[in-house]
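S.K.: Residue numbers (my numbering), protein chains in the order written: chain G, 1 to 384; chain C, 1001 to 1242.
I should point out that these hints are in silico values taken from the structure, not numbers from a laboratory. This one's a predicted model, so the numbers in the text were calculated from it and none came from an experiment. A hint or two may mislead.
[Said to hold, decoys possible] Below, computed lysine-lysine pairings styled on BS3-like, alpha-carbon distance capped at 27 Å:
no., chain 1, residue 1, chain 2, residue 2
1, C, K1103, G, K284
2, C, K1096, G, K312
3, C, K1096, G, K284
4, G, K208, G, K31
5, G, K315, G, K209
6, C, K1121, G, K312
7, G, K315, G, K353
8, C, K1118, G, K32
9, G, K353, G, K63
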Amino acid sequence: MRYFGEFGGQFMPEIIMPALEELEQAYLRAKKSKDFACKLDYLLENYAGRPTPLYFARNLSGKYKAKIYLKREDLLHTGSHKLNNTLGQVLLAVFMGKKRVIAETGAGQHGVAVATASALFGINCAVYMGAEDMRRQKSNVDRMRLLGAEVIPVTGGACTLKDAINEALRDWIANLNHTYYALGSVVGPYPYPEMVREFQKVIGLETKKQILKSEGRLPDHIIACVGGGSNAAGIFAPFIDSGVKLTGVEAGGKGVGTGFHSATLTQGRPGFLHGAKIYLLQDKWGQISGTHSVSAGLDYPGVGPEHSFWKKTGKVKYSAIEDDLVLSMFSELSRREGIIPALESSHALAYLKKMRSIKNKVIVVNLSGRGDKDMNIVMQTREV
Amino acid sequence: MKGFLAYIPAGFPDLETTRSILLEMDTLPITGVEVGVPFSDPVADGPVIQRAHQAALEQGTDLDRILDMLCSIRVSYRIYLMSYLNPLMNYPGGRKRLRVRLKSAQVRGLIIPDLPLKERKEFDLFYPGIIFTAPNTGDKEIKLINSFSPPFVYYVARYGVTGPRQDLPFLERLKQLKAKIKAPVFAGFGISTPEQVSVLSRISDGVIVGSVLVKTIAESSSHAAAEKVRSKIKYLLNDFGL
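Isolated chain G, as found in the complex (with noise of 0.2 Å):
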């Protein structure tokens, strides 16, 4: 679909245009191609992981009071949901005979899966990463290199994921012919937003499932991180109109208040950026804001078309979580699971302590990456 209700479409340079129509049709093939679902869940399955369990968070549940699951993205390969669309797009840059693939990457979750699935491939990869998010996410960096993967630093704009969108589009541009651009969330141009959720989608299918085998029925709420929004879009998908509450946490950053934060959905406005209409964060005359958030995956003025329709229809609720509630469940899952979370899912997982009625409900939380990358960032901030 070009568009969510009034949101999504292609707001792109005239040059961009054939390539996006290229790269539409291939999508639509491989879409129907038994060939390509067979290649892709042969790699999912044996390659990625999955699929990943749907683990009940026993001590959690009885701090909470309810009956909390995680669905465990962190144990995909390469330690995020990052690599279910990679697998995805690279292959059908393959199949399109593209010889080169460029992505951006914010916190270096997706630039790391990029990489990991061109080594795979034997494809020739270009990321782009803010010079701010070099610094901090240095380890991704380079896991990145040592995958074969060029990293290249942006230094315009405000040096995060919004100004390495903008490099990988120029890259794209100057060297359409033979360069894939994977996009790593559910933004930008059609067919991205579509494409990058089916890819996605897996985790919502897998979620429904398992859930079903252990309670026997759908769950009451599912929560997760939006930055773009890849993975939410993934788990909420399949749950769209059953009844299930959908929420989508956003970063509240200092506050929403203070004006550092990436809270899109929540405090944004509609406009036009990377080449969708969407919710985005502006200021009165226009121009993208600056955001701030204690995870680069989430430091992003927009969001992705379909949750920006999402909002706007109230399939999905919306809410904004700040970095000093989102750096204590940090902990708290460390603690009481055994599991470190990636500061980004830590902002659903914070969600639960704003929840008021939660008590014996049935509860998934999509825990969308593993928090060894935010290792640094977190020893700077607190004691852990």
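Given the coordinates of chain G, assemble chain C onto it according to the supplied hints.
M.R.: Just chain C, lined up with the frame of chain G:
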């Protein structure tokens, strides 16, 4: 005489300098000026114009101030406003008010790099807009372009972002497009030498020159910028005998 469009980013290094550049350019035989509205995320632009946008924003340049400045000058060439979509669609006074203000600033049309033809079809654009084409634009699209009768068509002469280059790719494609498109076709992106200007002018209705002028502004002091831009344009036009 063939056409010449100059791109001047508003507010770089400040709006007063932009104003004096625009006035100075009235002494030249040019077709028009594309006045650039700065944007925080100019994805179609290379480093030279990116830096100009950033500097203009740091100066506090906004659309109202740009339009005020344009209202304060009288020039004989045509004025177009080049802006990414978001600052236009989120103009604080709303689109109706923006339309009125654009008219009183004598803006002839909008040039929006992130509004492609495919979106333009169903987009409620509130003001005349030019249309972009590229070497890879298909014949189906060309029919559509003619149905819009735009003020002019902007031919993006290469794969890549804006920025000075020496070569001239895709001339054949330009000739084909020129033959099929009814509106005037101007060619831009990477035009920085009198030779390029001369060759392109023979097969199109004119050229669009941007980054090389922005570079000229960046390299001169603000009081000398207007004169430097004027000499640069004279130098670029030189080859076809004005």
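S.K.: Compare the structure with each hint and give your call.
M.R.: Here's how the hints hold up against the structure:
{"no.": "1", "hint": "K1103/C / K284/G", "result": "holds (22 Å)"}
{"no.": "2", "hint": "K1096/C / K312/G", "result": "holds (24 Å)"}
{"no.": "3", "hint": "K1096/C / K284/G", "result": "holds (17 Å)"}
{"no.": "4", "hint": "K208/G / K31/G", "result": "holds (22 Å)"}
{"no.": "5", "hint": "K315/G / K209/G", "result": "holds (22 Å)"}
{"no.": "6", "hint": "K1121/C / K312/G", "result": "holds (25 Å)"}
{"no.": "7", "hint": "K315/G / K353/G", "result": "holds (22 Å)"}
{"no.": "8", "hint": "K1118/C / K32/G", "result": "holds (25 Å)"}
{"no.": "9", "hint": "K353/G / K63/G", "result": "holds (10 Å)"}
The structure shown violates none of the earlier numbered hints.
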